[in-house]
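Novice: Each chain, written out:
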Amino acid sequence: MEKVIEFIIRVCGISAVIFVFAIFGFVFWEGRELLISGEFNFWKFLFTKEWYPASESNPRFGVLALIAGTASVTVLAMAIAVPFGLGAAIYISEFCGSRLREALKVIIELLAAIPSVVWGFIGLTIMNELIMKLFGAPIGLTVLNGAIILALMSVPIIVSISEDALKAVPDSYREAAIGLGVTRWQMVYKVLLPSAKNGLLAAVLLGIGRAVGETMAVLMATGHAVHIPFDGTPPFFHPLDSVRTLTATIAAELGETARGSEHYQVLFVVGILLFSITFAVNLTADLVVKGIRDK
Amino acid sequence: MSTPPTENSMRFAETELVRKKQLSERIAQFAFLMMTLAMVLPLLLIVTYLIYKAMPALSLGFLFDLPSRGMRAGGIWPALLGTIYLVVVSLVIAAPIGVLAAVYLNEYAQDNWFTRIINLAVINLAGVPSIVHALFGLGAFVLFAGIGRSVLAASLTLAVMTLPVIIASTKEALSAVPMSFREACWNMGVSRWKTIRGVVLPNSISGILTGIILQVSRAAGETAPIMFTGAVFYKAVQKGDVFAYGLLDQCMALAMHLFTISTQVPGVDEAIPFATAVVLLGTVLLVNAAAIIMRIILRTRKKW
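Line by line, the protein sequences give chains V and L. In terms of the numbering used here, the first sequence has 233 at position 233, counting the first letter as 1, and numbering is strictly consecutive. In terms of the numbering used here, the second sequence has 504 at position 209, counting the first letter as 1, and numbering is strictly consecutive.
Hints may be right or wrong, so weigh each one.
[Stated by the list, open to error] These stretches of chain L come out as covered by chain V in the derived footprint (C-beta under 8 Å, 3 or more residues): (1) 338 to 346; (2) 406 to 418; (3) 426 to 438; (4) 452 to 461; (5) 466 to 480; (6) 552 to 563.
Source of the hints: derived by calculation from the structure; they are not laboratory data. Don't be surprised by glycine CBs; every beta carbon is placed ideally from N, CA and C.
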């Protein structure tokens with residue numbers, strides 16, 4: 001009897017490994033015919049911007065504009081979330097009292113719990129109007145809208161991982177610095193940040209992973225136009241353009257495709273691309289964290 | 296006659312340098328406080344605004360009424376019921392697997408490369424985009440296993456997605472049980488599994504429950520994974536019928552319903568999507584608050 005139970009425990013123990021392989025396997029399987037067919041050119045897939053998957057006469061599958069959409073939203077979101085997230089983490093771990101700290105941590109946990117479709121709805125209604133009013137834009141569903149929403153969504157993970165990283169710095173470092181007569185800010189800037197930098201980097205990477213993989217919020221908030229928000233004329237980047245991300249494309253189009261069609265399969269190939277990106281980001285974050293522990 | 300030294304020069308550290316560093320300290324502290332507030336305030340403002348806009352539609356009847364006029368008016372009963380079904384079924388699947396996986400990782404696994412790979416897989420599973428989970432659920436459960444788009448297929452997808460939540464929190468709860476408890480048990484000749492069942496699990500049960508509560512909140516809020524695996528825009532159910540969905544039926548879900556009425560259906564009463572968002576947000580936040588309160592009680596009651 002006990003042998004049976006221990007066997008079950010072992011099987012459950014490796015379930016996560018099984019599922020990660022299964023996810024890759026099944027997503028690959030559904031897109032396999034297109035991937036191994038001679039017509040599919042991976043470089044053309046990545047580096048052309050014509051996305052006309054439903055065209056009868058000449059379907060083209062170039063995801064460059066979708067990658068640009070994902071990249072623009074993610075980068076702008078991180079530009080907002082990283083400073084605010086690190087600042088909040090520093091405040092929570094170094095500057096505030098223990099009661100306030102507990103309260104702030106609870107609020108951040110609640111912030112992390114808000115479902116992505118509710119964020120999307122906020123983007124669609126509140127942020128949309130706000131951006132139209134503030135910038136006089138014809139439509140508020142833009143890179144900026146999606147980036148602000150994504151920033152609010154990824155800030156909790158950045159804060160909690162950064163705070164862990166700061167907490168992991170031994171107190172003797174702090175005491176040594178304070179003993180030399182520096183202020184708290186000088187201690188944070190000269191001692192804590194350099195010694196916690198790997199953990200902080202991991203926090204940022206996990207934030208990026210979250211932002212790249214987010215689906216419903218960006219589907220609803222970024223305006224759904226296959227468009228590259230960069231061009232050659234200054235200011236080169238247009239945060240008030242509408243875009244569409246890799247994730248949003250799958251969510252929006254999968255329902256309309258017939259199983260086995262090229263369009264259906266290319267969406268699974270986009271899924272493999274997304275899986276690979278987030279896998280690489282998470283793996284790097286893990287290696288960075290492990291790097292500190294081994295030191 | 297010598298002039299008495301001014302107060303300023305008497306003070307030990309009041310040099311230009313010190314004034315500068317104290318100024319920078321004050322600026323830094325203020326800036327960090329503002330950054331923290333910049334995250335806290337939106338939460339409060341957003342919640343207040345959503346509730347304000349939802350007010351005209353919010354009532355008990357809204358929860359238990361059927362949608363009417365092609366989902367442009369009425370209540371959200373079928374969606375609410377569908378979410379409950381999805382959460383319960385995914386919980387029944389994910390909880391045992393997740394808890395046992397954590398038991399393996401914390402009680403059986405040695406510290407070697409294989410365990411590292413498992414931990415890495417857990418982290419990566421948590422990081423897989425929700426839409427990729429949807430593709431997986433469609434490929435594996437709906438098509439390959441032949442379950443079809445149904446409550447079961449959607450719940451299985453949600454279960455895989457939320458597994459890391461349960462594994463992580465259970466592992467934390469198990470590792471909080473002191474090693475001496477286990478050693479005392481082993482020394483009396485009790486086997487490994489009996490020790491786990493009799494000593495480790497009972498002493499960590501509240502921590503495990505916290506993880507399960509968090510899984511519920513996560514599963515209730517997800518949209519993308521259920522979009523193509525079982526949730527539909529509309530399904531007719533009887534008012535008050537709590538057994539409206541079978542395991543192999545498609546169902547409506549709250550998160551999906553919010554997406555549908557705010558993007559796909561024109562001419563919805565303005566307050567209805569806001570009210571739906573408030574119900575979804577309220578459910579998720581309440582469930583999370585329950586987990587947080589439980590954790591605080593747990594910490595104050597700690598026996599060892």
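Novice: If a hint holds in the structure, say so; if it doesn't, say that too.
Specialist: Okay, the hints, checked on the actual structure:
1. 338 to 346: holds (count 4)
2. 406 to 418: holds (count 6)
3. 426 to 438: holds (count 10)
4. 452 to 461: holds (count 3)
5. 466 to 480: violated (count 0)
6. 552 to 563: holds (count 4)
Hint 5 from the list above is the single one not met by this structure.
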